[in-house]
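So the chains spell out like this:
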Amino acid sequence: MPALVGKSVRRNEDARLLTGRAMFVDDVQLDGMLHVAFLRSEHAHARLKTLDVSGAKAHPGVTAVYTAHDLGDYWKPGPLLVPPPPIEGLVFNARTQVPLVKTKARHVGEPVAMVVAESRYVAEDAVAKIVAEWEILDAVVDLEKALEKKAPVLHEDLGSNVAAHVVQRIGDWERAKKEAHVVVKRRFWYDRGVAAAIENRCVVAKWDAKAEELTIWDTTQAPIPIRNGLAAMLGLSEAQVRVVAPFVGGGFGPKIMMYYPEEVLIPWAALRIGRPLKWSEDRQENFFATTQERGQVHEAELAVDKDGKILGASDVFIHDNGAYDPYGLTIPINTQCTLIGPYRLDNYYTEFTSVFTNKPIVTPVRGAGRQHGVFVMERLLDFAARELGIDRVEIRRRNYLKSGDFPYDHKVIFQDFQPLVYDTGDYGPALEDAVQLIGYEKFKREEQPRARVGGKYLGLGIVSYIEGTGIGPYEGARVKIEPSGRVRVATGVGTQGQGHYTAFAQIVAEVLDVPVESVSVATGDTREFNWGTGTFASRGAVVAGTACHAAAVAVREKILDVASRVMGIPKSYVELAKGRVETSARASTGGKTGRPTSLSLGELAGMANPLRGAVKPGSEPGLEATAYYGPDRGSTASGVHAMIVEVDPETAMVEVKRYVVAHDCGKLINPMLVEGQIQGGVAHGIGNAFFEELIFDDNGQLQNASFMDYLLPTATDVPKVEMAHRETPSPGPLGLKGVGEAGCIPTGALFAQAVEDALSDHGIEITEIPMSPDKLFGLITRTKPRKSHVVSVAGEFTFDGPRDRVYALLQDASVLAKAMPGGMAMRMTADGVYAGTMKLGIGPVTAAEFSANITLTDRVAPKSYSMVVEGQGPGGFTRGTARVELSDAPGGTLMSYRAEVQVGGTIAAVGQRLLDSVSKKLTQQGLSALNAELRAAL
Amino acid sequence: VKPAPFEFHQPREVEEALAILAKHGSAAKPLAGGQSLIPAMNFRLSRPSVLVDLNKLRELAYVKAQSGELLIGAMTRQAEAERNQQVAEVAPLMRETMPFIAHTQIRNRGTIGGSLAHADPAAELPSVMVAVDARFQLRGLHGVRTVMAADFFSGLFETVLQPGELLVDISIPPMPARSGYAFLEVARRHGDYALAGIACRVTLDEKGKCKEARIALVSVGDGPVLAKKAMKSLVGEKPDEKVIAEAAEAAGSKDCDPPSDIHASAVYRRKLTSVLTRRALTQAVARIPQ
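Chains as they are written, first to last, in this note's numbering: chain A, 1 to 938; chain B, 1 to 290.
If you are wondering where the hints come from, they were derived from the structure by calculation, not from laboratory data.
In this text the structure is predicted, and so the values were computed from the model without any measurement.
Backbone N, C-alpha and C define an ideal beta-carbon position, used for all residues, glycine too.
It is possible that some hints are incorrect.
The calculated lysine-lysine pairs, modelled on BS3-like cross-linking and capped at a C-alpha distance of 30 Å, are [claimed, not checked]:
(1) Lys57/A - Lys242/B
(2) Lys2/B - Lys839/A
(3) Lys254/B - Lys784/A
(4) Lys232/B - Lys921/A
(5) Lys921/A - Lys254/B
(6) Lys920/A - Lys23/B
(7) Lys921/A - Lys228/B
(8) Lys129/A - Lys228/B
(9) Lys229/B - Lys784/A
(10) Lys921/A - Lys242/B
(11) Lys920/A - Lys228/B
(12) Lys2/B - Lys129/A
(13) Lys104/A - Lys254/B
(14) Lys920/A - Lys232/B
(15) Lys456/A - Lys242/B
Some but not every residue of chain A turned toward chain B, in silico, with C-beta under 7 Å [unchecked claim]:
(16) Glu124
(17) Ser280
(18) Asp282
(19) Gln284
(20) Pro429
(21) Glu650
(22) Thr714
(23) Val718
(24) Gly843
(25) Val910
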């Protein structure tokens, strides 16, 4: 067999992808297709009082409008995808998402109504005509506040916001702490963001009434489970439902989530309407409607002896779960387990509380909580090393598990419900590779001091990590030799850019000795393959790849069997090479005359499936085999990352100059694909460390729901990663380990260490990621960056009149109206309560009519009052609360005011950078207008 | 993100465009390169009922030198200005600034006039125009008027343009003798809205003292901000390290009232302004021909 596995073979799929011939879901165009848009909640936490869709229904071009009530029995919460693992004392409260809000919205963007129309444009026009009346509730945003007694509760029946509580232990932490030479203790905050796949989600569904067949094109990472689930929900047989996940532009985890409301609703509506439907998520929706990962706050301790040897660790953390928890405990359990890293940890106490918050749902995103754990452990090691005066590379070296320690059982439960056992590993060599590649010693001795003299602040980071990969339950594959001579491989996993069409082809081509290009791979089509789970947890290559291998081996046996029969020679005399079977030289005399001595695999495949004659009992037609692989447990990949940064301490800007990865993902199938995975992972990691952050205000409004403000690193922000490969084969049949997430797992910890190193004479400690320049500036200057991002306006204004007149005027509806933007019409509806409309617009935002309400409270004439202004219009809502105090001033009245302004909807999502200026400006305009009125009245 | 319905016009001549704009008043919106307007429309924040596309107005796309001044038609693409030799010669500060404006793809489409009329406080070109004392020609159905750049910008996304009026021409005077210039900004990523920025030009007298300093700040106010105190502190002084440091300090602490947003607090913006002013003035002075 020629060696193909291990070669950097060019990607089979690239010709199609690069020339625009690859099909994505949004490319599906069908006759009579209708388009879907959703009304989504603008509020993070609100009770739905009334919902009037009559305006949308009457809109020209609208076919149907659906609300939760229209769904009847079809309306029900989604399934719990990952039930809690068997951990003693575990608390888990399952509350899963619903297709459409019936009573209460729990995060911004939750779908409320669905509009089907001739085009997406018309559908969106109609969405704007739906009138929803909400009772706005206080939102749960902060993780620690979520657990306070007085906190508002998302799922009232639970009585609190606790989604889960889990404790796991190894050994005796308390004793380790007592015996320690040094205990370092810190509080850490690690936040993550969206996956930001280049392709958003998209669903197309078509019901063929004559064939009684439903076809669903879906950007899912799990086509087979989607097919199984939807068939059950819709009362169809699995054979009647075909789910196709064609080429998908990036998965990274959120596309394994199921069932998204849109996935449930579009097939259902397509069945009802009898016409094909398409919903294509736009980027703004993606920030709310697709799952994301988010923050954890850790209180952690590390106990070490005087040589830096780890005696034990303790970590208590809160995990932000978002509004629903369909994905169970995968992320926080990954955090617990991955914190241990490549180290020997005999005593470990780990406890987490997962909380419900009024934010989009949290499910795994590339790394899936591993980052958080690695950050805590690596940072604690850095601080311990500093305190003990030990080199940071050395403290890691001293604590690594040794190559003879494997398999190593940590005796805690991992995300796959199995004990966390490291199958194999050898960490020292990768560390030395990284040290060499980055030039650690020389950097410390020469480069850093020299740069410093020249006014440049360079810093180096170096950290380790473990990645549990390749978990079960199973995947399968079918390999078939076609009469054309081509080889067809089908497997159930979906493909999102990993290079499956090449990696699986390499595995099969090597076994069958055919060119890699002659192997075509089908993934993600339930008609092609019927069994499987999906692409997640860095398992595609390991689990499906091994299944492909097993099926190919079985086909090879069939080839030899059939050839032996056809050629009339013993099986051992058949030679399989270069896509042909030949009679071996040894058999030249033994072969029966008239029999073929050389056949292509295509010809042989034809003979294996004859139109006449008989297929022998005990054999099967064709050259085809199906095989499955279900690993007992995951395989343990590992690595060391190193980075050099340059920091400008005056501007707090950081540039990543070099990035080194020395890693071990077992046997490499295709080094080029591995390097691509790592390079992409590092980009995600750098984004997470410095650029990307989901910023919610205190009301649960996401303030950066566009790529204008949610900053992905660009090609110029990510250096080309220099790599070293180590291969410690896993015990699996092919020795494979996963690599999909390796690039992004340790980057936060690495970045923090490198920046600290660069600014060593500033004495800063980084215990928080992402570390934006704004936050770094706060650390450098010892000033506090703003914690929440509420827009506030405060100031003073002098009115040219006496205090009682000013006070009276400020309560007059007609005068108040003048102070509101756009010449508001206003009337008093009750004492101190005013209603009307205002016109609000600025710059590119077209002036639009807002319905407005003003309520004055705490009135003490003529001294002070509080005011609430609420406005609702197209594009969002605004709510301002102000406290106003009046005092006498020379020649007039001094008003001092302090107001906080909240906004919601699209304005909040994409207009954040202007809110401060706009609020100031509107306040100034309003006050000047009031003063003009006052002067006129005096 | 799909725009709300609108009526679309694509005039071939400026007069025709002005007539359409006049007919529809404030309901109409001129479309230049569309790099800000189209996203705002797609978010449905901008909902003009009439869109007047200026992209076929060939007469507004030009760069020419005329009696020492540089004349730029409002519909000149930013990429064209970036590559144009006359821009590099007559307005080197503008040339230096062009690569900071977003990305190549955006500059290929975005226009000089569009960016100025949009008056985004984070935009680079308004500050550059203020720093070089550019003159703008505004044309309406009933005539043409000329305003100085510093008088053109009147607030947050606000200019003195009246409904129905178009910015048609930008003229930049030649740089005075013994002048140096610099543009610097800090953005999260290259091409992002600047957290802070500065366009400056320093002119010396024959004795080597500062005769005039023009400093226009980016992203720290409602529009381009003239750092008047910093400018004043330089005049009459020999621009050495100490004088520059004082001017830089004034620019950040006295000359601007920056907003806070999720990317940068006001305090951070002030600090960036001071740092950038120091660096830009140092660079500008170093560039003054001996």
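Quick rundown of the hints versus the structure:
no.: 1; hint: Lys57/A - Lys242/B; in the structure: violated, 70 Å
no.: 2; hint: Lys2/B - Lys839/A; in the structure: holds, 23 Å
no.: 3; hint: Lys254/B - Lys784/A; in the structure: holds, 21 Å
no.: 4; hint: Lys232/B - Lys921/A; in the structure: holds, 27 Å
no.: 5; hint: Lys921/A - Lys254/B; in the structure: holds, 19 Å
no.: 6; hint: Lys920/A - Lys23/B; in the structure: violated, 34 Å
no.: 7; hint: Lys921/A - Lys228/B; in the structure: holds, 22 Å
no.: 8; hint: Lys129/A - Lys228/B; in the structure: violated, 50 Å
no.: 9; hint: Lys229/B - Lys784/A; in the structure: holds, 28 Å
no.: 10; hint: Lys921/A - Lys242/B; in the structure: violated, 36 Å
no.: 11; hint: Lys920/A - Lys228/B; in the structure: holds, 22 Å
no.: 12; hint: Lys2/B - Lys129/A; in the structure: holds, 15 Å
no.: 13; hint: Lys104/A - Lys254/B; in the structure: violated, 49 Å
no.: 14; hint: Lys920/A - Lys232/B; in the structure: holds, 28 Å
no.: 15; hint: Lys456/A - Lys242/B; in the structure: holds, 22 Å
no.: 16; hint: Glu124; in the structure: holds, 5 Å
no.: 17; hint: Ser280; in the structure: violated, 11 Å
no.: 18; hint: Asp282; in the structure: holds, 5 Å
no.: 19; hint: Gln284; in the structure: holds, 6 Å
no.: 20; hint: Pro429; in the structure: violated, 36 Å
no.: 21; hint: Glu650; in the structure: holds, 5 Å
no.: 22; hint: Thr714; in the structure: holds, 6 Å
no.: 23; hint: Val718; in the structure: violated, 11 Å
no.: 24; hint: Gly843; in the structure: holds, 2 Å
no.: 25; hint: Val910; in the structure: holds, 6 Å
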